[in-house]
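Fit chains L and V to the supplied structure of chain W, relying on the hints for placement.
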Amino acid sequence: MEPKLITLLSDFGDKDPFVGIMKGVIFGINPNARVIDLSHGIPPQDLMAGALVLRHSAPYFPPGTIHVAVVDPGVGTERRPLLIEAEDRFFIGPDNGLLSLALEGKSPRHIIELSNDIYHLKPISATFHGRDIFAPVAAYLSLGIPPADFGPALTDFQRLPWPKLKTSDHAIEGEIIYIDAFGNLVTNVEERALKGRRAERLIFSVGSLSIRGLAPNYSGADERGYVALVNSWGLLEIALYKGSAQRSCRSQIGDRVHIRENLEGQGEAS
Amino acid sequence: MEPKLITLLSDFGDKDPFVGIMKGVIFGINPNARVIDLSHGIPPQDLMAGALVLRHSAPYFPPGTIHVAVVDPGVGTERRPLLIEAEDRFFIGPDNGLLSLALEGKSPRHIIELSNDIYHLKPISATFHGRDIFAPVAAYLSLGIPPADFGPALTDFQRLPWPKLKTSDHAIEGEIIYIDAFGNLVTNVEERALKGRRAERLIFSVGSLSIRGLAPNYSGADERGYVALVNSWGLLEIALYKGSAQRSCRSQIGDRVHIRENLEGQGEAS
Amino acid sequence: MEPKLITLLSDFGDKDPFVGIMKGVIFGINPNARVIDLSHGIPPQDLMAGALVLRHSAPYFPPGTIHVAVVDPGVGTERRPLLIEAEDRFFIGPDNGLLSLALEGKSPRHIIELSNDIYHLKPISATFHGRDIFAPVAAYLSLGIPPADFGPALTDFQRLPWPKLKTSDHAIEGEIIYIDAFGNLVTNVEERALKGRRAERLIFSVGSLSIRGLAPNYSGADERGYVALVNSWGLLEIALYKGSAQRSCRSQIGDRVHIRENLEGQGEAS
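The listed protein sequences correspond, in order, to chains W, L and V.
All residue numbers for the first sequence refer to the working numbering, where the first residue is 1 and numbers rise by one.
All residue numbers for the second sequence refer to the working numbering, where the first residue is 1 and numbers rise by one.
All residue numbers for the third sequence refer to the working numbering, where the first residue is 1 and numbers rise by one.
In isolation and in its complexed conformation, chain W is listed as follows (with noise of 0.2 Å):
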């Protein structure tokens, strides 16, 4: 399958020339190549984020599409660059956590060591291996030079913990590990782990704050505004409706999260 789009995730911000200059040395090289921003305001060297953000955006992008990556504290030490290739998809950047949560459950057909340095810009930096070594691979790449081409293939990469809930009958315990743009705390509560529970009867907490029932999108909110929801990651989502939970609640990322089921069909506040 002939890889087509080129995706770009960073820690770059807006501000500076960075991202721009990636592009400008991919279309050094690729003429042709089509190139989208998934996003570059991942918090400054957040592999959390930057992960999150991957896994749940990769889905969404056709077969054949290269996503690069680039939140990488440890740029010019030994921490490998890598090719990652599974489910025809294509997965760029440093070996340091950040590609994995995008790859869960999936058998990569080539894991590759960037070492292959006729495919690097030259000289190369110690501080920009955005734009040295995984913007030209990805071009390259686009234009259809195979995987192995670009180093020796390795058997494993680092990996990111997804954090594990703690379940039990009638409970579970999860945590905060996203707040977007609105303010909205997004959980690694999965949506099947409240499968077989009744919705209406469930109990979220997160701090002092309790909101009663799992509600089907963000009007539904109850009487203060607050909300539980399934969010478009498939992801358990406390928000607060025309408002910012994280504001409002003063949460933060690694909070707890308690979700039971009122068992007695009554009532209870916050």
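Please keep in mind that the hints were generated in silico from the structure rather than gathered at the bench.
None of the values given here were measured: they were computed from a predicted structure.
Be aware that one or more of the hints could be misleading.
[What the hints assert, rightly or not] Distance condition first, Cα-Cα at most 27 Å in a straight line; then the derived DSS-like pairs of lysine-lysine:
{"#": "1", "chain 1": "W", "residue 1": "Lys242", "chain 2": "L", "residue 2": "Lys4"}
{"#": "2", "chain 1": "V", "residue 1": "Lys195", "chain 2": "V", "residue 2": "Lys106"}
{"#": "3", "chain 1": "V", "residue 1": "Lys122", "chain 2": "L", "residue 2": "Lys4"}
{"#": "4", "chain 1": "W", "residue 1": "Lys164", "chain 2": "L", "residue 2": "Lys15"}
{"#": "5", "chain 1": "W", "residue 1": "Lys15", "chain 2": "V", "residue 2": "Lys164"}
Chains L and V in isolation, oriented as in the chain W frame:
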């Protein structure tokens, strides 16, 4: 006329991958799509700001352009998803007024409710119609699917009112309707409302600030640096040359702006 | 050589649709244009930041690239709109120094004043030449219109001075000229100024901070996390590993940086 460009407008910001995901969906359907970002920095859920940006941007795009706009606090509720064709432009978004200012004075050829789900992404989420409805419909439309295929025709759509001026022979009362990133105060006073008045005799007031004369450009500022001019949208704007009028005047959306003619021909200070 | 890519650089930020409007104008003229954003996060009206970004980005783009830059506090006044061709690159923007650092050391083949208004958008505004002059000229140039058609030749253009170093045998005084989004402090000390000096004996000082030795990359930081290195622009940079040197040192543009050689070969603490 064959539709060509697709533009995207939203309040998604630049942190999350929502815009990138919409592009992935579009390119998965039409690999030859051409997608342009209009702005994703609309303040969260600010329909008026989104509608103004769309109104003043659309005229600069070529015929056939498809404008997708997603500021959608009611996503997943009964508000209808729309496609409107008018004067060889296509507008796609929620029926909440967001599209309406761009359509003022135009007679739509088609107003379509996007209910034909063979053109939607499935399973459809209750929280991200940008990804699941608006992006795929735009992509199929760009492939030449006729508007009527996307759902039944409607007779009308929600409208935001353009804030009215109060005018008399020698005075106009308008308001600040948009503040750009430079801190320029954009009003609802259109250029034609100032026609027939003598530019150098006009006095513009916002809060405690008063500016004498309508200037041709930013460098026509008075000795304090303030300037009133007709901006690139054809609207009266109050600006601080090389500074932010918003910060310096502590102005906000909705603040009143008064314009009167100095009939005495005499100076008057702020 | 046929011009191909068009890059855009501005201080327009990401809230307003000004960049999207420029792209609409470009695609209306050349539907096959290829447009890349270099950065739109230049601080408002900061010519030096814009000029530095352009200087350090342009070399990574292929020959024939058209660079459009709009940081333009004097828009609508007498400052001339320019097209400069040098070494198979094209630079379009206001004659206020913005283009000059990218052109240092190059002999322009054409310096053109963009006064031929058949290539402008009409009616031309006094406040948005990016839309009305620079975007359409870039689009027509990308279609193959020769530079000389856009207006008369000039003999020179405005230049920003590259801030000079003060050097002696054993000491260099430079300054901070740019601070990136990570808070890294970029100086005007080019790599060649450090050549012939022993990297491990150099001592770098900014304010009360002192760093011993030039490191190869960010992870070569000292025990406090500070590091001095040559960055991807070939300039001396002071950084805080996994942190912001700007915040931690309260540094700003223009702060002095001193470099001296420790001739004793003895340690010296900050």
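Take a quick look at whether V:Lys122 and L:Lys4 sit within 27 Å of each other, Cα to Cα.
holds (23 Å)
Given hint V:Lys106 paired with V:Lys195 - CA-CA distance at most 27 Å:
Cα-Cα ~24 Å, so holds.
Quick one, are W:Lys15 and V:Lys164 close enough, alpha carbons at most 27 Å?
holds (25 Å)
Need the status of pair W:Lys242, L:Lys4: alpha-carbon distance at most 27 Å?
violated (34 Å)
Pair hint outcome, W:Lys164 versus L:Lys15 [Cα-Cα no greater than 27 Å]:
Holds. W:Lys164 to L:Lys15 sits at ~25 Å (cutoff 27 Å).
Hint 1 from the earlier list is the only one contradicted by this structure; the remaining hints agree with it.
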